[in-house]
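Asker: Residue numbers (this note's numbering), protein chains in the order written: chain A, 22 to 302; chain B, 900 to 1258; chain C, 15 to 291.
Hints are computed from structural coordinates only; laboratory data are not their basis. Predicted model, so just to flag it, every value in this text is computed and none were measured. Built from N, CA and C at the ideal position, the CB exists for glycine as well. Take these hints with a grain of salt, some might be off.
Stated by the list, open to error - Residues from chain C shown here face chain B by an in silico Cβ test under 8 Å; the list is partial:
1) Gln179
2) Glu181
3) Leu199
4) Pro200
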Amino acid sequence: MYSRAYKTLVSLPPLVWVGTFLLLPYALVFAHSLWAVREGVMVHDWNLDNYKALLTNPLYAVVLFRTMHIAASVTLCAILLGYPLAYYLAFHAGARKELLYQLVIVPLWVSYLVRGYAWKTILGSDGVLNGFLQYLHLTREPVGYFLYSPFAVVLMLTHIYTPFVFLPIYAALEHVPRPLLEASQDLGASSVQTFWRVILPLSMPGLLAGATFAFVLSLGDFLAPLLVGGPSGTMIANVVQSLFGAAFDWPLGAAISVGILVITISLLCLGEFLEKRWAFQ
Amino acid sequence: MSAFPANPPQELPAKSAALLELRNVAKRFAAVDVLKNISLNIASGEFLTLLGESGSGKTTVLRLIAGFAQPSSGEIWMSGERLDLLPPYKRRVNTVFQNYALFPHLSACDNVAYGLRVKNTPTSEIAARVEEALRMVKMQGFAASRPARLSGGQQQRIALARALVNRPRLLLLDEPLSALDANLRKQMQGELKSLQREIGVTFLFVTHDQEEAMALSDRIALLRDGALEQVASPREIYAHPATAYTAEFIGQTNLLRGEIRGGMVTCGALRWPSDEADGAVIFSLRPEAIRICADDKRQPSEVRFRAAVRQQFYGGSSELLEVDCGNGQTLRVRVPVGGPLAGEQDFVFSLCDPTRVAE
Amino acid sequence: MTRSSTVRRAPLLALYATFVFAFIYLPIVVLVVYSFNRDGVGGFPPRHFTLGWYTVLFADSSIWNSVLNSLIVAAASVALSLGLGLLAALALDRAGFPGKSLFRRLVLLPLILPGIITGLSLLMFAVFSGLHPSLATVFLGHATALISVATTELFAGLQKLDRAQEEASLDLGATPWQTFWRITLPNLKLSLIAAGLLIFTLSMDEIAVTFFLIGRDNTLPLEIWARLRRGITPEINAISTLIFVSSVALLVIWYHLRARSLGARSPEFLEQLGETS
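This is chain A alone, in the form it adopts within the complex:
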């Protein structure tokens, strides 16, 4: 029912914009990754040296492994916090369900920076946590290793991504047909058996979606390490950021970015594939 002119009119501007400011820049990242820097100047000299460097220099593998480790920890913690919370809201919260749901949503909108900053003030050696511990006489000296550690990065990112993990799990649990639970009990399953055999499998797509977000978003984060991570909490995106800053090696930075991009997109595809396998409806 819509004319060709109408369809062209609505499709063309977003296509052109996205092509120019999204697709072209991504293509540029890829192009840069095949260039080189000679004597502090970038030359358009097509080669694969950057990728060779990434594969041969163990430093990158170490940082990448640490990054994966942090991202996996964040994902696990966020699930351990988010799943029970979603379960409680979906099945046991009763009339307070709406209010509690809103309470989980609110922090999603609170600035990332504000929340990171808050953790910095809590974990610092002059911070609130050390003040609290000394107030209780649990420690005499300020504890230094709270801040500027992989632990701080995991804590901050867990705090940020728990609501993200909660959302799809809660949606999946809400969609579990309630008669199935009654049927399971009617057939003699205990609550625990019902959880493992009915509820968990049916909420798996939500769990996978949440886990994929948390992992992917943590993987590419560079702000948390800068805020609370310190040198021992450096992640792969920080390497990119420093190559684009002081170290000035855009081609190498671009190559790492392409690596992050490939890993991210593979993980998203894997997540989607697994979700489909777990989707029964």
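Got chain A; can you put chains B and C on it based on the hints?
Answerer: Just chains B and C now, with coordinates in the frame of chain A:
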């Protein structure tokens, strides 16, 4: 093979010329033939119903005429003009949508005024025509209400007023009564019919309800799998269904499959003389054409048979019997309400009652 | 016996849920409380209430300049991404074109890709096309990244709009243009406002993309970022508290509009996130 063409050349009522003509219209969606070569004329002032099961293509016909879809081949003409080349908003055709499609952000009166406003009708004229349209559907008191506040029947009336206020030459109604409950539906049928008579606008009405089609229409066009099965007046289509499908779709019937040989029709246990040529045949015999025969007087123009009553369904004003003529041949018989019946009875029907139909 | 419909008590689970809520809210509470603490951030318990840090904040012109910069960028991003997002949503809803599903995924990419990639790819683009990093490039980055949010929110609104509404309008003689203004847009009004608020909030908070595109004029998050490198002051608690309060205020407005227009409870783009790869 049959002597009865499935889609006989249709005769328009003599008094008026065709308002709308579909000429060999076909529509394909994704390699499926939704409509196959439809030709149909609608006379000015006529109430024509497109009847068919869901998926038979009746709504597609409406969408082609309204302009929301383009025919894959064929032409649509209206009063000597090509209609199918015009965009929907240039066609003097209006639609009452299935779920009314009232604009939720506009009041009833603004909904009705919409068509006039977009054509820059003078304000004073809009006011007068909207008021007239609302009066016509007895909704003057609800001008300021939002659609969400109106009942189904009231929304239906506003949808009707919204279409009619534009004085269309042809009004398309897409199952407009299907969302209403049974009583309201009957009442709205009556109102629709008298409204149509009063204002004289041509109605093209789509429904899957054969009773509704019979009650309302001047003519019925029966669609089956995207092709026209039969186009005729309700009386004609009931009395002389062209095909077995039509006979079964419209009203109840007994389909008698048998053969003619040497001037005798044989359909299971039933036999009667016929002067038609030899061959396989199907007859439609309406349940109410069969009577219980109490006496022994045989008429040459009647066919008598004996059958056992198997089931008796009480229907208030009449009863439906399922009778067994032997060899598992069952017939349905509609009789006036009497007492319980059991065992074997004599039944009779007139020789002119079985109507020969095509497969 | 069937299970009764009343909610069963689960005290352990309730306790755990309380703990999770405490974890989620603890940093925010600490932040707000210490913005009123005379002795600065750290130390326990906070002892002396003061509004002094807010006084310092209100006198700090470079913060307010950055707030103004952020407001300009956010307003411009809302306008552009809503406009393009509306067109993109219409295109996805009703036009068929080659590469449509690719386009859908591409539009959504900035939401799930690490901000650093969007940021530095646009930095390369800026250098490539001779643009100097400035508020204009920041705006370019925000608007491009946030088209995704506008598109998903408005697409959801369009999906909810009954196509028969537009057909009825054409049927009644309105041209496609009239139909767009009189039927399509009014029906999308609440979705548009809700999407606008969301984009505004996200742009005001954005940091990862901005990081690479900023010139001499800081946005508010980058001004805070720069100060964090110099050390922690309660003035930052004060501005963070104000950001928190305004985010929540916008969220409350957003939630009411959203509930009225779509009846759903979480933003569409979050629900879309799972199906974008």
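Asker: Evaluate each hint against the coordinates.
Answerer: So, going through the hints one by one against the coordinates:
| no. | hint | verdict |
| --- | --- | --- |
| 1 | Gln179 | 5 Å, holds |
| 2 | Glu181 | 5 Å, holds |
| 3 | Leu199 | 10 Å, violated |
| 4 | Pro200 | 5 Å, holds |
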